[in-house]
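Q: One-letter residues, chain by chain:
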Amino acid sequence: MLKLADVHAYYGKSHVLQGVSLDVGKGDLVALLGRNGVGKTTTLRTIMGLLRPRSGEIRFNGQPLIGLPAHRIPRFGIGYVPQGRQIFPELTVRENLLLALVTDRQGGAKLQERLDSVFASFPVLAQRVGQVAGTLSGGEQQMLAIARAMMTQPHLILMDEPTEGLMPRMVELVQETVVRLGQQGVSVLLVEQKVRGALEICPRVYVMQKGQIVFHGTSQELAQDRATQVRYLGVTM
Amino acid sequence: MDVLSQLLYQLVNGFVWGLIIALIALGLSLIFGLIEVVNIAHGSLYMLGAVLAWYVAEFTGSFWLALAVAPVGVGLVGLLVERVVLRPIEDRPIITIIATFGVLLIIQQGVLGVFGGAPRRIAAPFIQNFPLMGVGYPVYRVFVAIVSLLAIGTLWVFLQWTKFGLWMRAVRQNREMALALGIPTHQVYMATFGLGSAMAALGGVLAAPIVTVEFQMGLKMLVTAFMVAVIGGLGSLGGSLVAALLIGELEGLLSVVIEPTHARVVSLLLMAVVLLWKPEGIMGKSKA
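Protein chains in written order, with my numbering: chain A, 2 to 238; chain B, 4 to 291.
Honestly, I wouldn't trust all of these hints.
What the hints assert, rightly or not - Some chain B residues flagged as far from chain A (calculated, every beta-carbon gap over 12 Å):
id : residue
1  : 99
2  : 105
3  : 119
4  : 122
5  : 139
6  : 279
Said to hold, decoys possible - Listed next, the stretches of chain A that the computed footprint assigns to chain B, with coverage defined by at least 3 CB atoms under 8 Å from CB atoms of chain B:
id : stretch
7  : 72 to 81
8  : 91 to 99
To be verified - Sample of chain B residues lacking proximity to chain A, with all beta carbon distances greater than 12 Å (derived):
id : residue
9  : 67
10 : 98
11 : 102
Quick caveat, the hints were computed from the structure, so don't treat them as lab data. Please read these numbers as outputs of a predicted model, since none were measured by experiment. Glycine residues also receive a C-beta, built at the ideal position from the N, C-alpha and C atoms.
Hey, can you work out the whole structure from these sequences and the hints?
A: This is how it looks when you write it as structure tokens:
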């Protein structure tokens, strides 16, 4: 479904992605792990077209994404839950969700149905629907960021540390949501610092180090691979 | 005319002139808020609106046609300027100051070449006065106030209640996320610059029968619009509206007792005080 092959990208002169290759299949829950600053966020931003790679290939269902204007990429059915949530603080919860219909092929048909469906996942948003998003708590803002991505009914969602700074109860809710998305056939590429939590929900794992993929396998394989854990993640399980 | 009726006259005048200033400053503020371009050419777009209106009125005899054509024509110029001049330098906001200054020179000198340097007049569509506390007040200025209020109201409804308005507000708050949701931000930028230009031109057409039309009329207005935008808080539309009315009233009322040039000095002092007291403007948000 999503396939990156030997992607190289730069921020100015610094070579941040040094030949990243990975793939995500339909309904797959895939974790992308690694320490701070190894290129995980950059990988997601590159897929979204927010950073133009210098070489390599990114395909989604066979369609090459590199070189397309960034605003066209969500139209293929790719949702993005960026680091730090990036909700629109001065818009209401409802407006934040309505914005996700930009890419909509049905012109927002069945809008209420979709709102109901995200409210079913995050009931707190239904209560806050007219509230300005900047006044939500951090956890609620994260729910909104995920709900916004779900509103587009994407085939794939890229999530960048969605549990960062959340209370344990909220972390659980986010994890349940990811698992449920997978059951519904939506693929998720999940960037995480919290290794243990990510391994619990994602059957497949990539580990990055200095702009390269240094490990690829199942979560069990990583759980048993102490050397990789220590060397690239700084944790042991 | 006794002092009281003179004051009332200037109070109404200040309001009308404040609304014209608001149209222009709102365009400036809209452009700065969304695209982060300090549009030095804004005054010359106002002037271009008035000049275009003069041509249309001169050759068709219809002020109404001029009122419709000038904002649309200058709006199209705005679209072109965004696409051709600003788009290639969108990552370098500082350069846009120089680039828009270049646009100012091109428009101003272009108008000087074609239109000439002599000031000209456009006849107001209404020449009647109505009695206001014993003096006659021009009906046309009331019309100006109504059109300005309608335009400002329409802008508000457009931003608040239409899909494209929602896109504009989203782009203003977080450009990258807007892009990642699929909003064509370049189209939004172009439309914003076009809309801001059209508003400046509308101000130009409305002001034309009150002031005289000449190729340098944009310079004074540029200064006024910047003062208003800074006092109101750059990028804050509500702030621009309030500050425009404030400046309009202040300079209007002061002109009863002092020279207009001195009234301008008082406005500048007001701006200095606002900047010292609230550097982000009366309704601006501090970038903390």
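Q: Taking the hints in turn, state whether each one holds.
A: Hints, verified against the model:
Under the 12 Å C-beta cut-off, the non-interface status given to residue 99(B) relative to chain A holds; the minimum distance is some 21 Å. At roughly 27 Å from the closest C-beta of chain A, the C-beta of residue 105(B) stays outside 12 Å, upholding its exclusion from the interface. The Cβ of residue 119(B) lies farther than 12 Å from every Cβ of chain A, with a closest approach of about 44 Å, so its non-interface assignment holds. At roughly 44 Å from the closest C-beta of chain A, the C-beta of residue 122(B) stays outside 12 Å, upholding its exclusion from the interface.
Listed as a non-interface residue, residue 139(B) keeps its Cβ farther than 12 Å from every Cβ of chain A; the least gap is roughly 46 Å. No beta-carbon of chain A is positioned within 12 Å of the beta-carbon of residue 279(B); the least distance is around 27 Å. A stretch counts as covered by a chain when three or more of its residues have a beta carbon under 8 Å from one of that chain; for the stretch 72 to 81 of chain A and chain B the count is 6, and the coverage holds. Counting residues of the stretch 91 to 99 of chain A whose beta carbon lies closer than 8 Å to any beta carbon of chain B gives 4, which meets the minimum of three for the stated coverage.
Separation of residue 67(B) from chain A is adequate, the least Cβ-Cβ distance of about 37 Å exceeding the 12 Å criterion. For residue 98(B), the shortest C-beta to C-beta distance to chain A comes to about 18 Å, beyond the 12 Å cut-off, and the non-interface label holds. Every CB of chain A is more than 12 Å from the CB of residue 102(B) (nearest about 23 Å), matching its label as outside the interface.
The earlier numbered hints are all upheld by this structure, with none contradicted.
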